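We have chain A; now place chain B onto it with these hints.
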Amino acid sequence: MAVYKADAIVIRSREYGEADKLLTLFSRERGKLEAVAKGVRKPKSTQRGGTQLFTYADFLLYKGKSLDTVNQVHPRESFIHLWDDFDRTIAASGIAELLDISTTRDQPEPELFTLTLGFLFLLKYVDPYIAQASYALRLLNIHGYLPGLNNCVECGATVSGTQAFLSAEAGGLLCSSCKNNETVTMLNGGGLALMRRLKSVEIDKLDRFRWNKKMRLEILGSLCYFCENKFERKLKAWRSGSELIV
Amino acid sequence: MDYLYYPQALSDLIISFSRLPGVGPKTAGRLAFYLLQHSDDAEQLARTITTALREIRQCTVCGNYTEADPCKICAGERRDRTVLCIVEQPRDVVALEKTREFKGIYHVLHGVLSPMEGIGPEQLNLANLLKRLDNVKEVIIAVNPSVEGEATALYIARILKPLGTKVTRIAHGLPVGGDLEYADEVTITRALEGRRQL
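Protein chains in written order, with this note's numbering: chain A, 1 to 246; chain B, 247 to 444.
Only chain A is shown next, with the shape it has when bound in the complex (with noise of 0.2 angstroms):
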């Protein structure tokens, strides 16, 4: 059928053209979808709103040869929490990035739909990296990809102590005696011991969670490193966000 109805999250937008822009479209049916939004950069264009960054709406859509066209769109929600906020804006970005890279197209995944919808409106009440980190964690777990957290993924030994080694390779945690020479990124105890929680925690209790900047950068750069290694693609809103973190 070359018109169909998706309601999808705008994950990614970028300028096409004169004054169209290129959507990257999540949707709960469809999964990643690309399309074109044409004259959204006038100041008239009654499509504007719906087609903003993070915005959830209704969208009608044209099938196009390669790329396909917005004909309506419907704002549902414009999620106005992250305009207002730097912090927020710059974590929402992290998740919508993390979801591009994780999904390809056309490939309906609606838990992971229905996980960042919640997370893009959890974003207003509770710290915006300790949500970004958690959906993280919680996307992993979606793809099978959730490291183990527990125990050494080589030998089984009880990680504790003060210093862990995540590897993405090994996927999960090394004790320092299987570590050798593989490639991993080092938790402090304090560190391991949130991420333990963050990824179980039910999201209404996230708000709970406190954390200092050494330990939100520890656990961000951990997680970045873990995805970049399992989906094979850079992760330039959290490298870039880390720098931006005051």
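It should be emphasised that the hints constitute simulated quantities derived from the structure, not laboratory data.
Each hint can be trusted.
Per label pair, the in silico range of CB-to-CB distance:
id : chain 1 : residue 1 : chain 2 : residue 2 : range
1  : B       : Pro421    : A       : Arg233    : 36 to 42 angstroms
2  : A       : Glu29     : B       : Gly364    : 26 to 32 angstroms
3  : B       : Leu256    : A       : Gly144    : 51 to 57 angstroms
4  : A       : Gly189    : B       : Glu368    : 30 to 36 angstroms
5  : A       : Asp7      : B       : Arg442    : 32 to 38 angstroms
Small disclaimer: the values here were computed from a predicted structure and weren't measured.
Built from N, CA and C at the ideal position, the CB exists for glycine as well.
Just chain B now, kept in the frame of chain A:
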């Protein structure tokens, strides 16, 4: 790839045109054939491009495109140097100048922060901005009202506020001739926030 059947120089011309934004291979071919058939126009175009590339540079003060350095606005004696307006692109300076309402000076960022595209503060013309604030009482941030534009505005405000500079953001709201019915939630919220007494 039709241009593979053309002579090398013509293929190169078509490929060069197709690299321009908004120009596809068919349009590139049409432009190339037009110029071959209108050699005067072609020579004029070539001269204009060469001159522009030779003469136009970025103003070392504000970052706007200019022939003379500093640019006319930075060198202008009648400009109010206590008000500085930050814009995204040189085209935005023209848009603001056309209103004849703003008499201050400008600073062109040449982009906005875009974490997902890997554009951070070091890719923008931000370092020069901090050197220009000595006599500035107010900084108006006039970048586009997109998520990236807002993030850039918040980032600049975060840097400038500790320096004691007043930082303002241009108002957002409904465009002249626009329809309230088609306006989105963010625009209407901003329009209500920026309402004024009649």
